[in-house]
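Asks: For chain A, the structure is supplied; the task is to place chain B on it using the hints.
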Amino acid sequence: MIQAQELTKRYGAKTVVDRVSFTVQPGQVTGFLGPNGAGKSTTMRMVVGLAKPTAGAVSVNGRRFTESRNPLTEVGTLLEAKSVHKSLTPRSHLRAMAATHSIPFTRVDEVLDLTGLKDVAGKKVGGFSLGMGQRLGIATALLGDPRVLILDEPVNGLDPEGVAWVRHLARSQAAAGKTVFISSHLMSEMAQTADHLIVIGRGRIMADAPITEFLDDGVAQTVVRAAELEALMTALAADGVQLTRVDATTLRVIGPDSEVIGRRALEAGIVLSELRPLQRTLEDAYMELTRDAVEYQSQDSSTTKGGK
Amino acid sequence: MTTQLESTFHGHVTLGGVLRSEAIRFFSLNSTRILILVAVLVNVLIAAGTLWAMGLFSSQTAGVPGMPDTSSPAFTAEMVGSGLGFGQLILGALGVLLISGEFTTGSAVSTFLASPQRLRVLLAKSILITVLTAVVTLGSLLLSYLVSKPIAQNYGMALEFAGEPFQRVLWYGTLGVVMAALMGLGLGTLLRNSAGGITLLAAIFFVLPIATQLLIMTVEWFRNVAQFLPDQVGLGAAFPLSYQNNLEIWQQMLGVAGWALIPLLIGAWLLKVRDI
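In the order they appear, the protein sequences are chains A and B.
Take -3 as the starting number for the first sequence in this note's numbering and just add one per residue.
Take 9 as the starting number for the second sequence in this note's numbering and just add one per residue.
Next comes chain A alone, as it looks inside the complex (with noise of 0.2 Å):
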């Protein structure tokens, strides 16, 4: 479980991190979503004590990562996809890694299995491709076979067969009861991923919720075609109905759902050409969210021209 209150990072005068409060819960995979440059590795970053909250604080398993005694079989942490040195091959950067926790060398060959680099562990990394880089770097990740696992966007790079292995890692990671937190600025990634979403723009949360609210708010649309249009809006007005003409025979619902649609239209005779329920998907969701990040941005910078 990752708890972080209040997180806070900036750099001079620009706030990177914005009084930033989530907790990522075990058992289920948790999405870290946003545009680039929303604050999503720094926080991170501070998760795992490699950069210093202003302010604000953040735990790892009820206690700050930087006084764990054992922090590579407690998180498992995915960053930047080449933190090795670039004339060392997988295998020494891996057996360096394990050497610190006294884990046996037989995990290397373990983890190097699994993540597919076995024919390539005595090849230099610096020759790796983006891919290479980021199998190498879940390698390390999962080297400890840890708790908690961190990924920063994790399927960069990776070809569509690697995309899948990944998205199957963490589902299986959380189903054994592990805490996983993946970042992406991919809201499609996330939509196969993530059970829960913590939506980040400009360096504040913008949204903290399970993934299915993001695709239902709870209030049908619907569009309906049908020739008397006029007929049918009558029949259909009522309280909390909303009514949008969208042509001369197109007409968009928000309240009832398609079958309350379809009985009114039988009962006032009028024949429908379309009854099409409309699905808002996390794609309208996660851009409704970041326009508002973008807005508050655009605000902020005129405001700081206004000051000059």
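None of these hints come from the bench; they were simulated from the model.
Note that beta-carbon positions come from the ideal geometry of N, C-alpha and C, so glycine has one too.
Don't take each hint at face value.
[To be verified] So, partial list: chain B residues that the calculated Cβ filter (under 8 Å) puts toward chain A: (1) 28; (2) 37; (3) 39.
Replies: Chain B in isolation, oriented as in the chain A frame:
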């Protein structure tokens, strides 16, 4: 609240573990192996070359007044250690690379994730570079002695292994090189940059002495300061003939300790407070 889930591994991060980790990485890198080989070669070749040149020179100028007394064991012993100044630079550069490489390649992230207690990492690196530098320098001095002995005999120069002059070169000389390596580690930690760290190290050893020589010409008391500069104090105890000073041995050791530890301590403090 928290699950009972445990890792299958129960090891803790320890100084010994980090030291082993540093050693694995150190000896897996070609650059470090090459620098060590160069350090040994430079020491041995300069020792043999200097001794040979001196022997040749003194055999031709024998009896000319004012020439150095090559028959003195102290003089010969210092010849055997004449590569140590270069050893200081090479192994000092190794000290810089040991930490700056972490930041230039991004491997610092991995290193400090495995041991978020940053000073433990720096301590492990300090131990590694100290032991390594000492072993390499002692080894190359012994090798230099073995190569120099027949040359010295050939020209009738006295060179005794057990005698005080050579023992002084051996142990104080090694200490002087260890000082440079720890200085390098300290500067590398401060600057986090390989080129910058090595340049600064070379500047302290080569440019600072020239600057102080100029200052001594105008300010007389600066001579006392100059004695404590790393190029003087570092090998002063090993080479009493070549580096003449009026310092007690404890004063020189204090100087050596200062240059070895002060950059390292400032670096340690910065490493603790800065972000990786």
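Asks: Evaluate each hint against the coordinates.
Replies: Here is how each hint holds up against the structure:
{"no.": "1", "hint": "28", "verdict": "4 Å, holds"}
{"no.": "2", "hint": "37", "verdict": "5 Å, holds"}
{"no.": "3", "hint": "39", "verdict": "7 Å, holds"}
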